[in-house]
Amino acid sequence: MSVNNKEEYKFFIQKLLDAILGKNISPEDKEKLMDALHHEIVDKPFRVAIIGQAGVGKSTTINQLFLLNSEEKLETSDITEGTTKVTEKIFPIRDGFNLSVYDMPGLNKDPEKDKKYEEMYREILPKCDVIVYVIAANRRDFGEDCRILKEVCLPICNQKNIMDRFILAINKLDVIGESVDPDDIDYQWDYENNRPTEKLKRIIKTRLDDINEKLVDENLVTIDNDNAILTQKVVFYSAACDYNLGAFMLAVAKAGNRGWVFPASVGFDKLTKHDKNDVELINRLKL
Amino acid sequence: MTSKETEQYNKLSIDERECYDKYKKKHPNWSHAQIMTMVVQTGNAEKVVSNNTISDPNDPRIQKEILRGTSDTLQREYPDIFEVIGGFLRKALSILDDIIDSIIGGVVNTVYNVGRAIGNIWDTITDWWDSL
Numbered sequence: 017m018s019v020n021n022k023e024e025y026k027f028f029i030q031k032l033l034d035a036i037l038g039k040n041i042s043p044e045d046k047e048k049l050m051d052a053l054h055h056e057i058v059d060k061p062f063r064v065a066i067i068g069q070a071g072v073g074k075s076t077t078i079n080q081l082f083l084l085n086s087e088e089k090l091e092t093s094d095i096t097e098g099t100t101k102v103t104e105k106i107f108p109i110r111d112g113f114n115l116s117v118y119d120m121p122g123l124n125k126d127p128e129k130d131k132k133y134e135e136m137y138r139e140i141l142p143k144c145d146v147i148v149y150v151i152a153a154n155r156r157d158f159g160e161d162c163r164i165l166k167e168v169c170l171p172i173c174n175q176k177n178i179m180d181r182f183i184l185a186i187n188k189l190d191v192i193g194e195s196v197d198p199d200d201i202d203y204q205w206d207y208e209n210n211r212p213t214e215k216l217k218r219i220i221k222t223r224l225d226d227i228n229e230k231l232v233d234e235n236l237v238t239i240d241n242d243n244a245i246l247t248q249k250v251v252f253y254s255a256a257c258d259y260n261l262g263a264f265m266l267a268v269a270k271a272g273n274r275g276w277v278f279p280a281s282v283g284f285d286k287l288t289k290h291d292k293n294d295v296e297l298i299n300r301l302k303l
Numbered sequence: 022m023t024s025k026e027t028e029q030y031n032k033l034s035i036d037e038r039e040c041y042d043k044y045k046k047k048h049p050n051w052s053h054a055q056i057m058t059m060v061v062q063t064g065n066a067e068k069v070v071s072n073n074t075i076s077d078p079n080d081p082r083i084q085k086e087i088l089r090g091t092s093d094t095l096q097r098e099y100p101d102i103f104e105v106i107g108g109f110l111r112k113a114l115s116i117l118d119d120i121i122d123s124i125i126g127g128v129v130n131t132v133y134n135v136g137r138a139i140g141n142i143w144d145t146i147t148d149w150w151d152s153l
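As they're listed, the protein sequences go chains A and B. Position one of the first sequence corresponds to residue 17 (the numbering used here), numbered consecutively onward. Position one of the second sequence corresponds to residue 22 (the numbering used here), numbered consecutively onward.
If we strip away everything but chain A, and leave its shape as in the complex, we get:
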């Protein structure tokens, strides 16, 4: 059998895992390995903490990235510290695999309340396989985000030795142009082709350079410092437009020891929903 194109490769690589576990070892060993993987992928829910201020698109990010239907939610539980509350939502993905999402609000300059949130961050973040901090690219001032990252999130991740699970997610690339001129169609997202117009590209590039400059100036992002966010853990995307979510998925897959579990668990069928054009071909290959 030959593999002649990229689409067939996608199918092939998924089969690779099946092949590794399907042959070459005794049935007993195979069962052991399958149990180990089953335990890793299915028994332990994949836990994600999503942090960010109101309106940055936390829910859209989670729904789009993990292809969730919020109506499929299994259960919701609240973790409270006085009147402060963090909600854990559990979603079924497939074959018994569950995704657990901690929806964590950003801090709000109220020292007393912030302290309680910090305590909750300290309790919850180490439990999570991936920690996502969302910033909206269209907001001019993200000094408060820098402060929360610098004074709360990164110190906790450093102390708990979980920096490799942290992803800085810069959302809302699609609406950056609206802050320049909401009436100019050239500054609007090209929804038909799902990409920025040429004029918008220049605006986005300038804005991203400004954001990057601020992050580097604050020593929040680095190429070689274990105490800061590595450049590959900074993702620019639009959840609403499903733009650049593949890069986001890669950052998730690379996060910590269990990041790979998520794309492996979601599986081929669901992942390819991101790329609907492949469905016909995939169906043919499956036959």
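There may be inaccurate statements among the hints.
What the hints assert, rightly or not - Incomplete in silico selection of chain B near chain A, CB under 10 Å:
1) L33
2) I35
3) Q55
4) M57
5) M59
6) A66
7) E67
8) S71
9) N72
10) T74
11) D80
12) E86
13) L88
14) G90
15) D93
16) Y99
Said to hold, decoys possible - PhoX-like, lysine-lysine: derived pairs with alpha carbons at most 20 Å apart:
17) B/K43 with A/K221
18) B/K68 with A/K215
19) B/K68 with A/K221
20) B/K46 with A/K230
In case anyone wonders, no lab produced these hints; they're calculated from the structure. Quick reminder that beta carbons are idealized off the backbone N, C-alpha and C, glycines included.
Got chain A sorted already, so can you dock chain B onto it with the hints?
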């Protein structure tokens, strides 16, 4: 700049050097690492606007992470069994690395070339399969 930093600077492309020089001038107090970070991040921003990033969740880079994670888990949980299949997993990872390098380096630009590289993995698999 130290000699190591000079070496890193010399390895940059013309555009990257321009970027380095621009930020060195703009932020004279920044360290070499900070400026290099900015060079990387500027390149990342460029990729985002040109849509030259990973758009497909089935990209080999994601598949490699799944394979790597599987491999690490099995090695951790069952090192004795891993001895049997570990060689194969390493080989598969190494071939994926080659493909990824080719894609990132712009060597593999056509579906045909990607397919040929993938065919190499398939050959490895079928050889291994046949040897059972």
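Problem - B/S71 as an interface hint toward chain A, with CB separation required under 10 Å - result: With a closest approach of 8 Å, the B/S71 hint holds.
Practice task
Would you settle whether the hint for B/Q55 is holds or violated, based on the nearest Cβ-Cβ distance to chain A being less than 10 Å?
Solution key: This hint holds: B/Q55 lies near chain A, its Cβ roughly 5 Å from the closest one there, short of 10 Å.
Problem - chain A contact restraint on B/E67 - CB to CB distance below 10 Å - result: Status holds, d = 7 Å.
Handout entry: Supplied contact hint for B/L33, tested at 10 Å Cβ to chain A
Key = Check failed: Cβ of B/L33 comes no nearer than 13 Å to chain A, outside 10 Å.
Exercise for the section: Tell me if B/I35 is really an interface residue toward chain A, meaning its C-beta lies closer than 10 Å to one of theirs. Expected result: Hint on B/I35: violated, closest Cβ of chain A at ~18 Å, above 10 Å.
Problem - B/E86 as chain A interface residue, shortest Cβ-Cβ below 10 Å - result: Given a least distance of 4 Å, the restraint on B/E86 holds.
Practice task
For the pair supplied as a hint, B/K46 and A/K230, confirm whether the alpha-carbon distance does not exceed 20 Å.
Solution key: Holds, because 16 Å separates the two Cα atoms, which is no more than 20 Å.
Practice task
Verify the proposed pairing of B/K68 with A/K215, using a straight-line Cα cut of 20 Å.
Solution key: Holds, at roughly 16 Å.
Practice task
Let me know if the C-beta of B/G90 comes in closer than 10 Å to any C-beta of chain A, holds or violated.
Solution key: Hint on B/G90: holds, closest Cβ of chain A at ~3 Å, below 10 Å.
Practice task
Have a go at the B/N72 hint: is there a Cβ in chain A nearer than 10 Å to its own Cβ?
Solution key: holds, 6 Å
Practice task
Hold the hint about B/Y99 up to the distance rule: shortest CB distance to chain A must be less than 10 Å.
Solution key: With Cβ-Cβ at 6 Å, under 10 Å, it holds.
Handout entry: Pairwise hint evaluation, A/K221 against B/K68, where the allowed Cα distance is 20 Å at most
Key = holds, 10 Å
Violation of the numbered hints given earlier is confined to hints 1 and 2; the remaining hints are satisfied by the structure.
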